[in-house]
Amino acid sequence: MTGPDVGSRAPEALTSLHNATVSKRRGRPSGGTILSWVIFIAAMLYFFLPLIATLEFSIRMRPSGAAYTNTFKDARFFSSLAYSFLIGLVTIVVSTLIIVPTAYWVRLRLPRLRPVVEFVTLMPFVIPPVVLVFGLIRSFSTGILPLANTQLGSDVLLVAAYTILSFPYMYRAVDSGLRTIDVRSLTEAGHSLGSGTFRILWSVIFPNVRVAVLSGAFLTLAIVIGEFTIGAYLNRPAFGPYLSNIGQNKTFEPAAVSIISFILTWLAMGVIAFLGRTRQGRTTGVQVGGGH
Amino acid sequence: MSYLVLQGIQKRFGTTIAVEDFNLSAAKGEFVSFLGPSGCGKTTTLRMIAGFEPPTAGSITVDGLDITHRPPNRRNIGMVFQSYALFPNMTVADNVGFGLRVRKRPKAEIRKRVADLLDLINLPDKGDRYPWQLSGGQQQRVALARALAIEPEVLLLDEPLSALDAKIRVALRREIRSIQRQLGITTVYVTHDQEEAMSLSDRVVVMSEGRIEQIGPPPEIYNFPATPFVASFVGTLNLLPAKVVDAGSGIVSVAGQQIRTPKAITTDPDRSVTVALRPEAVEIGEAGGANRLTGRVEDVSFLGSIVRTRVRVGDDASVSLDQFNDPALAAAAIDDTITISFPPEATLVLAGAASASATIEEAIAEV
Ligand SMILES: Nc1ncnc2c1ncn2[C@@H]1O[C@H](COP(=O)(O)OP(=O)(O)OP(=O)(O)O)[C@@H](O)[C@H]1O
Ligand SMILES: [Mg+2]
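Protein sequences, first through last, are from chains A and B. Note that numbering that gives the first Met the number 0 gives residue 68 to position 69 of the first sequence, counting from 1, and the numbers run on in steps of one. Note that numbering that gives the first Met the number 0 gives residue 59 to position 60 of the second sequence, counting from 1, and the numbers run on in steps of one.
A hint or two may mislead.
Taking lysine to any residue and the SDA-like style, the derived pairs with C-alpha atoms no more than 20 angstroms apart in a straight line are [unchecked claim]: (1) B:Lys103 with A:Leu54; (2) A:Lys249 with A:Thr53; (3) B:Lys27 with B:Thr67; (4) B:Lys103 with A:Trp201; (5) B:Lys103 with A:Phe197; (6) A:Lys72 with A:Ile259; (7) B:Lys106 with A:Ser202; (8) B:Lys166 with B:Ser198; (9) B:Lys103 with A:Gly195; (10) B:Lys111 with B:Asp93; (11) A:Lys249 with A:Phe261; (12) A:Lys72 with A:Leu54; (13) B:Lys103 with A:Lys249; (14) B:Lys103 with A:Leu200.
No lab work stands behind these hints: they were computed from the structure.
If we strip away everything but chain A, and leave its shape as in the complex, we get (with noise of 0.2 angstroms):
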């Protein structure tokens, strides 16, 4: 799922996504008009199809609709479903109270280290997260700290994982974001005013990242509802490893778990979206370059 060809491209994508809501939207000549949209039909239809043909397939159970309905009476397609809901969230908090500090640290004392910092967080592309797992199993199974051998301390290791999953994409989103705005001038102007780091921290820098936050956040919780290998190896009823045991047991209702689950991870995004829109794509003061 996050192989490193799909992976490493999405953080890019991410940033220029990021930068094209702040920036004004350009005329185009009309010779690449066509083209644009020769791209743009192609890849819709490449995102699309494979969308349409499970759920063209998930309702040819008899009678019509028994897929779904199959799905909606399995306890266990709620249960791991919000299990997995559950655990993405709090990833994402964990992350964000991880990243945001860092990125701000870095950008505020010690810029040479941000390509160190930025290399460290695309580990996950590199490792993989079989690899990330057994690791994790090995390490704290025996010794001081057995997490591994509670169920608690199982879910706290998965937060971890997938913390650490999470790290690219909010990385470099919580990076770009602060790149709009003059950290330096108003983490002195702040200290000026009397202010401690933490409270500069909490009221100042965290509010003005808020949207880039939010664009790690959607794709950390994609992720980790779709996420299979760790899950499984450590035994948590996620919602992947769930997915996969139906997969090799029943025909359609595999199909009509997708589409559910793509429907309401989309329904989610938009309600984390809704609920961090107040005030976004907004511009920050005059960036005076140069001198100080």
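Position chain B with the ligands against the provided structure of chain A, taking the given hints into account.
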């Protein structure tokens, strides 16, 4: 009497020395400007007062209290930035009230004080706007109000007007000065615009390459520059390289032509000095005073109410002179050879050689 005192301040970044041997004492309520070309250490000095950079040597005291090693958030010093640095996620009122909320003042008191400050900066009905909904000039006024809200002991402004266009700049600098007078707040203002420094300040600190060249009230800086650098950076003085002919009677020679200066010169004969000459004291013809120089007219430019003529009097010396522009004025023609005259009192001898024909236009062009 001294309220803000900087003593032997030095700042090094690695091997580069940004500020050295900086001594200043400002009285309470005084308006002091730091003036100098880019990179001369103005901002660095200001940031040391604010506490953003620790000095590598020296001490800073405010009202007798040593604050050299205090973190910026415990100094009670207001700062206004070139980039405004308003918190984009907060309304104007929340920006202005930020420092008071940090200080946990009662809500009612904050609301009252914010309203008063918005009145003071002439934006009484903009409290619930966001910074991006205001013009640059309005944003900078809000930034000023925000800095003033905490009743700072010292107010620091780092080129606060340089991102604004000329008209607003002049209006806003008057406003800043009048608010500063009203509140009697000790203020340090950084600028590289000499007109701004001259028109605003009680005293100007002229800096070059990390050092203070001269501290004094604007008329003193303008009329009696202490060094060739000050003379070339401030005002429009003509700077003429000269050789001392008779130190006792103050006679020097400029490009082979002797002129008299008002005082005895302390340097030896044959030494190089710089003669500063005020352009408004020079006249075409021989009626202007005892000193005469002959040269070729190089340039005549009409600057609205005055006409500025540049006369080359030697290979490395030219004199600019100003005449009021009235319809009857017969301006000199380019390439005419003319005589100009001026009284000895219009000259000032500065130690050290000036760079060749350093009139102010060229000095400014270097900045
Ligand atoms: N953080 C820093 N690290 C290294 N050198 C610095 C740093 N800050 C300033 N300097 C150097 O110190 C010198 C003074 O810089 P400063 O910013 O104080 O100049 P300035 O007078 O404010 O110039 P300007 O008018 O361009 O703002 C410069 O040579 C600059 O390169
Ligand atoms: Mg500066």
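Notebook entry, point to check: Going back to the hint list, which numbers does this structure go against?
Noted result: As far as the earlier hints go, 1 and 13 are violated by this structure, in ascending order.
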